[in-house]
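Visitor: Given next are the chains, with one letter for each unit.
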Amino acid sequence: MLQINHLFKSYNKFLAVNNLSLHIPEGDFFGFVGPNGAGKTTTIRIVCGLLPATSGSVYINGQDAFANRKTIKRFIGYVPDFFGVYENFKVKEYLEFYGSLYGLDPVAIKKLSGDLLELVNLSDKSEDYVDLLSRGMKQRLCVARALMHNPKLLVLDEPSSGLDPRARVEMKELLLNLNSLGKTIIISSHILSELAEMCTSIGVMDHGQLVTAGLLEDIRKSMNQDHRIQIGISRGVEKATEILKEVPDLKIQSVMEHGIIISYDADDETLNALLGRLIGAGVMVSEFHKQEENLESLFMRITEERKGVTNAVIQ
Amino acid sequence: MPSFSRKLINPILRKDVKIQARSMKFAWSLFAYEMVLAVIFALSMAVISEVSGSDYKSVVSLFPIIAIAQLGIIALVVPIVTASSISGERERQTFDILLMTPLSPFRIVFGKVTTAVVRVMFFVIGSVPIMAISFTYGGMSWGVLFLFILLCIVYAFFLGSIGIFCSTISRKAILCVLLAFGFYAVLAVIAIVPNFVFLLASDFDYVWEMPLFMMTNPVLIFLEFFYWAMTGEGISAEFGDFSDRMDVMGPVSSFVLQKNVMIIFNILGLIGISILMMKLSARRIDPVRSSKRQEKRFAKMNAMNQPMQMQMAPGPLMQPMQAPMMGQPLYGGQFVQGQMMNQAMMGQPMQGQMMNSAMMGQPMQGQMMNQAMMGQPMQGQMMNQAMMGQSMQGQMMNPAMMNQQTPEVPTPVAPGDSRFAPPMQETNAVNENQTIPGGIITK
Ligand SMILES: Nc1ncnc2c1ncn2[C@@H]1O[C@H](COP(=O)(O)OP(=O)(O)OP(=O)(O)O)[C@@H](O)[C@H]1O
Ligand SMILES: [Mg+2]
Numbered sequence: 024m025l026q027i028n029h030l031f032k033s034y035n036k037f038l039a040v041n042n043l044s045l046h047i048p049e050g051d052f053f054g055f056v057g058p059n060g061a062g063k064t065t066t067i068r069i070v071c072g073l074l075p076a077t078s079g080s081v082y083i084n085g086q087d088a089f090a091n092r093k094t095i096k097r098f099i100g101y102v103p104d105f106f107g108v109y110e111n112f113k114v115k116e117y118l119e120f121y122g123s124l125y126g127l128d129p130v131a132i133k134k135l136s137g138d139l140l141e142l143v144n145l146s147d148k149s150e151d152y153v154d155l156l157s158r159g160m161k162q163r164l165c166v167a168r169a170l171m172h173n174p175k176l177l178v179l180d181e182p183s184s185g186l187d188p189r190a191r192v193e194m195k196e197l198l199l200n201l202n203s204l205g206k207t208i209i210i211s212s213h214i215l216s217e218l219a220e221m222c223t224s225i226g227v228m229d230h231g232q233l234v235t236a237g238l239l240e241d242i243r244k245s246m247n248q249d250h251r252i253q254i255g256i257s258r259g260v261e262k263a264t265e266i267l268k269e270v271p272d273l274k275i276q277s278v279m280e281h282g283i284i285i286s287y288d289a290d291d292e293t294l295n296a297l298l299g300r301l302i303g304a305g306v307m308v309s310e311f312h313k314q315e316e317n318l319e320s321l322f323m324r325i326t327e328e329r330k331g332v333t334n335a336v337i338q
Numbered sequence: 010m011p012s013f014s015r016k017l018i019n020p021i022l023r024k025d026v027k028i029q030a031r032s033m034k035f036a037w038s039l040f041a042y043e044m045v046l047a048v049i050f051a052l053s054m055a056v057i058s059e060v061s062g063s064d065y066k067s068v069v070s071l072f073p074i075i076a077i078a079q080l081g082i083i084a085l086v087v088p089i090v091t092a093s094s095i096s097g098e099r100e101r102q103t104f105d106i107l108l109m110t111p112l113s114p115f116r117i118v119f120g121k122v123t124t125a126v127v128r129v130m131f132f133v134i135g136s137v138p139i140m141a142i143s144f145t146y147g148g149m150s151w152g153v154l155f156l157f158i159l160l161c162i163v164y165a166f167f168l169g170s171i172g173i174f175c176s177t178i179s180r181k182a183i184l185c186v187l188l189a190f191g192f193y194a195v196l197a198v199i200a201i202v203p204n205f206v207f208l209l210a211s212d213f214d215y216v217w218e219m220p221l222f223m224m225t226n227p228v229l230i231f232l233e234f235f236y237w238a239m240t241g242e243g244i245s246a247e248f249g250d251f252s253d254r255m256d257v258m259g260p261v262s263s264f265v266l267q268k269n270v271m272i273i274f275n276i277l278g279l280i281g282i283s284i285l286m287m288k289l290s291a292r293r294i295d296p297v298r299s300s301k302r303q304e305k306r307f308a309k310m311n312a313m314n315q316p317m318q319m320q321m322a323p324g325p326l327m328q329p330m331q332a333p334m335m336g337q338p339l340y341g342g343q344f345v346q347g348q349m350m351n352q353a354m355m356g357q358p359m360q361g362q363m364m365n366s367a368m369m370g371q372p373m374q375g376q377m378m379n380q381a382m383m384g385q386p387m388q389g390q391m392m393n394q395a396m397m398g399q400s401m402q403g404q405m406m407n408p409a410m411m412n413q414q415t416p417e418v419p420t421p422v423a424p425g426d427s428r429f430a431p432p433m434q435e436t437n438a439v440n441e442n443q444t445i446p447g448g449i450i451t452k
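Protein chains in written order, with our numbering: chain A, 24 to 338; chain B, 10 to 452.
By construction, these hints were calculated from the structure, which means they are not laboratory data.
Bear in mind the structure is a predicted one, so any value in this text is a computation, not a measurement.
Note that beta-carbon positions come from the ideal geometry of N, C-alpha and C, so glycine has one too.
Treat the hints with care, since some could be wrong.
Stretch-level coverage of chain B by chain A, calculated; a stretch enters the list once three of its residues show a Cβ under 8 Å from a Cβ in chain A [unchecked claim]: (1) 20-32; (2) 37-45; (3) 99-106.
Just chain B, with the same shape it has in the complex (with noise of 0.2 Å):
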């Protein structure tokens, strides 16, 4: 059972609630909390006895007010939490440690999530007696208020996958939560708005097609199950009937609108989104991931550093010549003038390169059969060169610059010891290599 349990747990909410749990803090704010719903509770008291007298059976409204405040107050701490879930194993420098384990990043990320839910759940289940008082007086199901606490769960569980892509976007606390609450700004919009252009494309005729555009709605769940909590019906009762419309349509939102399915889809949808930006967050946090992202990036960089990094045997002008018969002129370019700095700084000029030797006036044997051979790899080389002078900057790896840095090296200290083969060696042997008069070219 035990180990039933441990695998079913994730750790990191299992950690993170024995932490939470020794927390003054959390206590201090779930009273605090009880304190807010005693004088919510006794204001909504007020207000009602004032409307309707004292008919206790109007109690019942007071459900619909305390569960949709403390939706508001899921909305508000849920990206408080998980702003600084990530952020928070960061500063303690713990993150590195947590990667370095055998938990993938989704765990990871899930575990904050559930954390965020399990800490916000508190506070639901901390109000349950208050609401309480509207079903053992206003005579309500006891299945509605089951059915509360498991909407409430999906809710926080959508709201803490924003949350926590938030925070992955940055270090900043406060600025995770804004930008959490600027998501759902966004996400209503992205909710509502299609509904309405709909209705107004239609001249609010075709309103049937409506429910199909907000199954991912949160509002809308609630809308639906405050409806049905309060009246017994599914909110399809607005809508009418459509199931003797003659268009496909009419048949698949009738069955939209029958009130299970509707928050069964509603509960689907959101588990959905919560996945997904899930996922997205733990691509985000994976160092490794994120270095695939720019894997390409990389891919094109090795490519134009190797043969400068190593000064390859295929010689200096195999490149230029590759390159812009492979349609990277670009990169062909940079190699040349990177090259042509480092023979200037190094005072090595190398044979066989025409630009260079044409340019230090060492006119040399096999430079004229060369030239005639090259004629056309020639005018790309110096098109390139032409085409280089800005790209060079911009550049990560700046092939130029990391060439002036070869003679910075100083030999290693125990050369003999094979075990420590430095980089520069290589270099060194290989431009010898490159000394070989018009040897490379005429091969």
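Isolated chain A (complex conformation) (with noise of 0.2 Å):
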């Protein structure tokens, strides 16, 4: 769906973006993170065409974005990181407007208009004046008005920033729903955990360069590298430890007073016999699970790391 060729973007001498490689498969609920001024915006603009790119190439569809405009605008629903509105300008007239921009007939555009404020929930809306909507029924406004074309692709930079967390509840369902309607999904956002909620990959930019990229799953289980499991023990702690030293290749991490942290790579079945033979000695165990790296810290890591990385090079 989307391919992004080492993308460069520098603005004077300023680099934006640096050598940004990208695929994004149809179907994808794709999301970027990164921290301000990491270059999203940015990147998302050249995509749409809006933006020239110093260099590098982007392909759409199979169709080159900066050869092909008019034909790539087809395919892109596009929601900008501030909701422009226009005063005196009233929810149904607004997307009446973009309608017949589209060269729809007012019929059909009506039609439309009514649906897409139906799955937006905001028909009740139609009538109200678009600046004096809250900003989270505007947000889904322009996700309505980006969808007016029915696009292939949606791209949506930032659509939750300044939401409160039940409109991001809402936005979220809301994607998930235009989703599994078969829409491939591009969204940007500062936020890690907000984006593991709905998409299927992430990439992570920071400086103007994609620092990884892949299926969320493959970057959850590479959080978790030296599978670590905490035991939560009630009582029988010393039970517990004996039991767990004579396990081969299990590393004990840290003993506490009311758990245990062990270090040990092995399938389900084997986990559960290992829980089964700690409950049958006596021993009291509470909790017993996986531990996955918080996916802020995650993000913090990276780009700290990052930063390091970047001292290292100017010394």
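These two chains come separately, so use the hints to put the complex back together.
Guide: In structure tokens:
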């Protein structure tokens, strides 16, 4: 669906996007994460053809995005990072205006706007003025607008910034719904855990470079590379320690008053057997689970590490 | 019918007029304008009655006064309306969205200009009742009023296209307005200076060639118009009759000076300039067009980026060798320098590169042979490096810089996933190629 090759963008001397290559298959729900100034908006605007790239190429649906801009526009629904409103314009009129730009006939536009407002749950607001809507509603209206021409690819730049938790959930559900309807979605955000709730794959961007990209599962897996397992024990910690020491390939990471953390690369069956042995030996196990690194701390670690590398290079 | 009007009327115009119709600010400005007109009316009536007593026929001269006041207002208002029309969409963050629709940049510009025209025509139409006094009492033809309104539309269009062009230059509204006024001044000079030069050059003899230079001068349209409106004659009456001139210009001038021809030519001239200005503006707001303008520059940069991004197998030595031959010593040189920095940083001496191996004190087999073979390219290479020194900094896509960043990139989290092929893997892979001593060179 989207293929980016060796994309560079510099504003004067400042390199905002540095050799970014990425492939997003059709039907994917891709999350772009990165701190402020990472270059997410820049990349998204280049993909949409709103900003000329310095070098590199972008293919959307097999078409060169820089050469065939007219065709590309039909594939993309774009929701910019700031919601733009015209004052003195009603919700219904807002959608109808954009509909008219797509050359649909008025009857079809009316029906489509009605359907889209239904989809984004704004039917009861159709007569309200756009600039009086709440932020979350504006965001959803903007998504409805982006869907006006039934694009294959929906690109959203930080759609949930400034939304309250409830509006975020609504936005997430809307996007998941659209994804299940077959739309490829690209979304940018500062918050990895938020993306993790909806995206199938993730790209982490920092200082204009794509630090890592891949399926969310793979990233999650890589987070727990030493296969830590946390065992909560209300009674019998010593006993459990003895048993665990005998297991080959198992490393005890730390023993606490009410729990043990081990490092053990084993399949679920083996783990189950181990748990059975512990319980069978009379250890009171209250907790037994794989420890996963928190997504935020992963994000911090990735961006921190890179800061370290950059400093090292400068020195 | 509705679909016909939908196609005919620019959607931007319809949107903007709808928004404007709901705006209190616009209603108030229209009201203020009527007030100003009423004051002008009262003053001019006082002056007219002072000058010509109670002859009600002299009310006719009210028309040019009010009409000229309106032309001035159009010239003031149009750039103010257009100044914020592009930047206004930009500020509301709706401009990107507009550019993502099938609406072409030209149609966006055209819509914005017509919005300004429609807006200012509200003022012109609003003043018709006062102007009508000249017509009912002064016995002036209604066709004159009709022509005046038509001319105002063309004139507003012309000024609007200048205004929109200025608004693509700066995002600051005030600056756009000032730019537009500056543009007027330049146009006025362009329109008038040739006439004077010609007059001076011909010792004020060949006056008849003047109208040819005035064809696109908006001032002249109205001069002609008012002359005709007040006297019923074309301005040509002032210039005399040239039809008996023997040279080519005589008949041409006399044709142009016919009262209808002159005005039509003028209108066409203004429309032509307007379209040109709008096309230029459309080009300026189109992100892809503007990138096409820079395409050549990018193409050059791509040419020099390619070898270092990919570190292609043809090998480092091919580059400096080709570069002087292609007459591009700079790029070749840059490449070499980038490469050297790269090697120095990564601590991966590339065998086969003579400069490098000599520097690092690692004599290699095949080097002698290479040197013998490569004598001349070698010189080119060194020369390039010498030439390079400073030009490195100014370059946007500094290859050395980019190569420096190569080692920063950590390996991807999911290297097994072939869908996300990180560019750096490629780089590393080919780097290994380059360490084959002499292999590439001796080929
Ligand atoms: N028009 C511009 N001129 C110069 N520099 C710019 C321009 N636009 C962006 N930048 C710079 O490019 C870098 C990347 O900006 P970008 O807006 O893409 O970041 P982002 O990842 O979207 O950040 P955020 O999360 O804050 O939205 C920033 O350092 C910014 O200062
Ligand atoms: Mg951004």
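Visitor: Against this structure, judge whether each hint is valid.
Guide: Consistency of the hints with the structure:
no.	hint	result
1	20-32	holds (count 7)
2	37-45	violated (count 0)
3	99-106	holds (count 6)
Going down the numbered hints, you'll see the structure goes against just number 2.
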